[in-house]
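**Student:** Protein chains in written order, with numbering that gives the first Met the number 0: chain A, 0 to 192; chain B, 0 to 224.
Watch out, some of these pointers could steer you wrong.
As the list claims (entries may be wrong) - Straight-line distance between alpha carbons at most 27 Å, and here's what the computed DSS-like set of lysine-lysine pairs gives: (1) K157(B) x K78(A); (2) K40(B) x K78(A); (3) K20(B) x K175(A); (4) K78(A) x K160(B); (5) K20(B) x K187(A); (6) K78(A) x K106(B).
Stated by the list, open to error - Anything over 12 Å on all C-beta distances counts as not near chain A; from chain B, calculated: (7) H146; (8) Y159; (9) Y171.
Calculated from the structure, these hints are not laboratory results. Cβ coordinates follow ideal geometry from the N, Cα and C atoms, glycine included.
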Amino acid sequence: MDLSIIEKLITFITLPFQSFLTIEILLIFLLILMFLIYNEKRQNKKVKYAITALIIFFFSLLAFYFSEDIVTVLSEIVKTIMRCFYFPNIVFYILTAVISLVILIYTILKNNLTKLNKIITYVLTIIHLYLFTNFISLAIINNTSLTNIANIYQHDNMFIIVLFSQIIFIILILYKVIYHFCYIRHSKLKNTK
Amino acid sequence: MWLKDQIMQRKSKNIKSQLPKVGFFFLIIGIIVFFSTPLLKLRGEVFEEMRLAIFQLNINKNNDKTTISDINTENLEVTPENTNKAEENDKKANYSYIGELSIPKIKLRRGFVAKESRYNNIEYNVTVAKEADYPDVPLGNFILMAHSGNAYISFFDKLYKLQIGDEASVSYNAIIYNYRLTNIYNQAKTGTVAIYRNPNVKTLTLITCTHNDDYNQTIYIFEEI
Numbered sequence: 000m001d002l003s004i005i006e007k008l009i010t011f012i013t014l015p016f017q018s019f020l021t022i023e024i025l026l027i028f029l030l031i032l033m034f035l036i037y038n039e040k041r042q043n044k045k046v047k048y049a050i051t052a053l054i055i056f057f058f059s060l061l062a063f064y065f066s067e068d069i070v071t072v073l074s075e076i077v078k079t080i081m082r083c084f085y086f087p088n089i090v091f092y093i094l095t096a097v098i099s100l101v102i103l104i105y106t107i108l109k110n111n112l113t114k115l116n117k118i119i120t121y122v123l124t125i126i127h128l129y130l131f132t133n134f135i136s137l138a139i140i141n142n143t144s145l146t147n148i149a150n151i152y153q154h155d156n157m158f159i160i161v162l163f164s165q166i167i168f169i170i171l172i173l174y175k176v177i178y179h180f181c182y183i184r185h186s187k188l189k190n191t192k
Numbered sequence: 000m001w002l003k004d005q006i007m008q009r010k011s012k013n014i015k016s017q018l019p020k021v022g023f024f025f026l027i028i029g030i031i032v033f034f035s036t037p038l039l040k041l042r043g044e045v046f047e048e049m050r051l052a053i054f055q056l057n058i059n060k061n062n063d064k065t066t067i068s069d070i071n072t073e074n075l076e077v078t079p080e081n082t083n084k085a086e087e088n089d090k091k092a093n094y095s096y097i098g099e100l101s102i103p104k105i106k107l108r109r110g111f112v113a114k115e116s117r118y119n120n121i122e123y124n125v126t127v128a129k130e131a132d133y134p135d136v137p138l139g140n141f142i143l144m145a146h147s148g149n150a151y152i153s154f155f156d157k158l159y160k161l162q163i164g165d166e167a168s169v170s171y172n173a174i175i176y177n178y179r180l181t182n183i184y185n186q187a188k189t190g191t192v193a194i195y196r197n198p199n200v201k202t203l204t205l206i207t208c209t210h211n212d213d214y215n216q217t218i219y220i221f222e223e224i
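Looking at chain A on its own, in the form it has when it is part of the complex (with noise of 0.2 Å):
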């Protein structure tokens, strides 16, 4: 942690060789690079399918090799997921309600949305940004120290604060995107109409 920039430089281009495995990853991957530049040439479509099936082939094996490891690092992502949703810290809560905010200040200034996607979008923003405010008075009521997470969390009213918000949260990105999507293959369908 402590290197220079030059250590940290040669550190680097001397990880490939420090052992024969790390030799041998470094192979096949420059041989996979270079067979797909090749084939940029002479577009081969045998080349093409047979580089995609060494790559998930190579990566198949890796899974199996690092299974536990795998499964280890999904469930700690998974986790990790679970607990910005069930026990956000208070940066990535206050994250959210400023996500939050920007949508509804550019639902307000933009004029070319429709009507119901504009009520929809000040529903939840509102509610949202509600939970946010009415979360912040309570930690002031209760006196709580935002900065420890079971500090905020031994409070049952300011958990379901949470949990609820977080819950409209949800709902209104997915909406976000789900409209988005709608709304691209939408237009994309005129175009070619």
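With chain A held as given, fit chain B onto it using these hints.
**Tutor:** Below, chain B without anything else, positioned relative to chain A:
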């Protein structure tokens, strides 16, 4: 006839076009069902982490209290308001941990509630046996039980990985008791279990179902270090 054929053709076309949607719906249902148990288990772990964090926070708060010398005695008077507050706290305390079991080798950290709590149940928590002594009892035997297997309440699902010499610790009343595994044995599931331990040493006993065996239970005996 021609009209009938047309209608039939349209109907079959409609059914065919709906098939991928129905298939997709069942695929989603299948994925949800398949992943529900591991997801519930992970959710349980996340909630458990938070309960332990709150438990730790309360312990720290209690420890802080012992160092306070300026004690306000004004609130000592019993009023109906205070009684109501105490009742409310008691209700909450049903699910507040009184201690924590930790086995670093299998990354197990799990709280336990008081013997009298209705949540001292194998369907909710690692359960303290009625016959158990709490860890602060001299030469006592602290007995904990939990499910093993794949369910999200299988808190002892990795106990089978333990070997003689592995260590465990129990945090109780702000004191940590350290133990070392000295004996592992199986017994048939008959509804009762015999515990063979050294009565001259304080022990921790963990009981769970034997790994991949429906008819036996495994008993892990730890002795205090």
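**Student:** Evaluate each hint against the coordinates.
**Tutor:** Each hint, compared with the structure:
{"no.": "1", "hint": "K157(B) x K78(A)", "verdict": "19 Å, holds"}
{"no.": "2", "hint": "K40(B) x K78(A)", "verdict": "10 Å, holds"}
{"no.": "3", "hint": "K20(B) x K175(A)", "verdict": "23 Å, holds"}
{"no.": "4", "hint": "K78(A) x K160(B)", "verdict": "23 Å, holds"}
{"no.": "5", "hint": "K20(B) x K187(A)", "verdict": "22 Å, holds"}
{"no.": "6", "hint": "K78(A) x K106(B)", "verdict": "15 Å, holds"}
{"no.": "7", "hint": "H146", "verdict": "19 Å, holds"}
{"no.": "8", "hint": "Y159", "verdict": "16 Å, holds"}
{"no.": "9", "hint": "Y171", "verdict": "19 Å, holds"}
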